[in-house]
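Using the sequences and the hints given, assemble the complete structure.
Line by line, the protein sequences give chains A and B.
Quick note on the numbering used here: the first sequence kicks off at 6 and runs consecutively.
Quick note on the numbering used here: the second sequence kicks off at 6 and runs consecutively.
Note that these hints are calculated values from the structure, not bench results.
One or more hints might be untrue.
Copies of the same chain are indistinguishable here, so a pair counts whether it falls within one copy or spans any two.
With a Cα cut of at most 30 Å, we get these calculated BS3-like pairs of lysine-lysine [what the hints assert, rightly or not]:
id, residue 1, residue 2
1, K63, K81
2, K158, K125
3, K134, K90
4, K43, K158
5, K125, K90
6, K134, K158
7, K158, K90
8, K43, K63
9, K134, K63
Protein chains: 2
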Amino acid sequence: MQRTSFKNMDCSAAKALECVGEWWSILILRDAFLGLSKFDEFQNSLGIASNSLTRRLKHLTENGLLERRIYSERPKRYEYILTEKGRDFFPVLVALTRWGNQHLAPNGAYVQLADRITGKLLEPILMDKQSLLEITYANVIVQPGTGATEALKARLAMRKVDVDEGH
Amino acid sequence: MQRTSFKNMDCSAAKALECVGEWWSILILRDAFLGLSKFDEFQNSLGIASNSLTRRLKHLTENGLLERRIYSERPKRYEYILTEKGRDFFPVLVALTRWGNQHLAPNGAYVQLADRITGKLLEPILMDKQSLLEITYANVIVQPGTGATEALKARLAMRKVDVDEGH
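Okay, here's the thing in structure tokens:
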């Protein structure tokens, strides 16, 4: 499972991947979003080896996505609760699920989202907050942000975006 | 790099992860979204070993996210172009980048999105298409979809969602 670190890449997506850890970690977060919090619950859901689960929970805790809390003093037992940073990861999972539903679910969506209060079904779309333009590859371009390094600016300046490709 | 397959999990997010392949593959897609298409371009951008890059490009092509096209007959050379399925993955990368910008970019966003036509900066938000409700962990619940298996329905019925946790 060793791999090159993405930590020093000047890219938010690479840093996000490094922070989350690895493939399994996204499914741990998925289960946390479904309300699971205890070691055994994650293990039953994921069918993952104890030592692997321990390592990934530790990584997610150290990186601030989960918080470890004592829920039993005798014996001492911990549960893992999503932090604000962890909860903010929810749209990534929704986007991933939406793509899976679009392209990998021939019998219809596996899961769907509903309004927590009204129960109405929801159709998640990534939009610009102000203009409500749908954000797709076809209609946006990527630019350096305020925190872009010189290296990133140079890299983005060299990119070859064929506008027609997006349409 | 061997790991348990997610393919048989009845979950769109797990299937999406399986389909994409692995961590590096997301960065290959990122570069494809920036207009890179040739083997050397991906290799220069990612600093990845040839055999690893070959394997991941093959996986992404076999899974229909990239399409291999001849761009030179003599010598025979190929480029890798995003398919519609690949382009549809764009919102996942945007959501991941947004989270990285929110939590892992102390000096400001690395990259930002702008309207391809007007050049206006965009703020990507995941919303319900009809009601424009912002989709966050706090205000939605997850339900079985039309393609949910009995096992998935049972799993979702057992989930413990503490409504207060989301707020």
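**Report entry** 30 Å Cα threshold - placement of K125 relative to K158
**Finding:** between (43 Å within a copy, 18 Å between copies)
Report task. Using 30 Å as the alpha carbon limit, work out where K158 and K90 are close: within a copy, between copies, both or neither. Result -> both (27 Å within a copy, 28 Å between copies)
Query raised in the report: When no copy is specified for K43 and K63, does a C-alpha distance of 30 Å or less occur within a copy, between copies, both, or neither?
Result: Within one copy only: 13 Å inside a chain, 38 Å across chains, cut-off 30 Å.
Query raised in the report: For the identical chains here, do K134 and K63 meet the 30 Å Cα criterion within one copy, between copies, both, or neither?
Result: neither (35 Å within a copy, 37 Å between copies)
**Report entry** 30 Å Cα threshold - placement of K81 relative to K63
**Finding:** within (17 Å within a copy, 48 Å between copies)
Query raised in the report: Is it within, between, both, or neither for K134 and K158, if the alpha carbons may be no more than 30 Å apart?
Result: Intra 25 Å, inter 34 Å, cutoff 30 Å: intra-copy only.
Query - Within, between, both or neither: K134, K90 at alpha-carbon 30 Å - result: For K134 and K90, the Cα distance is within 30 Å both inside one copy (20 Å) and across copies (25 Å).
Query raised in the report: Is the C-alpha distance from K125 to K90 at most 30 Å within one copy, between copies, in both cases, or in neither?
Result: both (27 Å within a copy, 28 Å between copies)
Query raised in the report: Quick one: K43 to K158, C-alpha cut-off 30 Å, is that within a copy, between copies, both, or neither?
Result: Answer is between: at 21 Å across copies they meet the 30 Å cutoff, but 44 Å inside does not.
When each numbered hint is compared with the structure, a violation occurs for hint 9 only.
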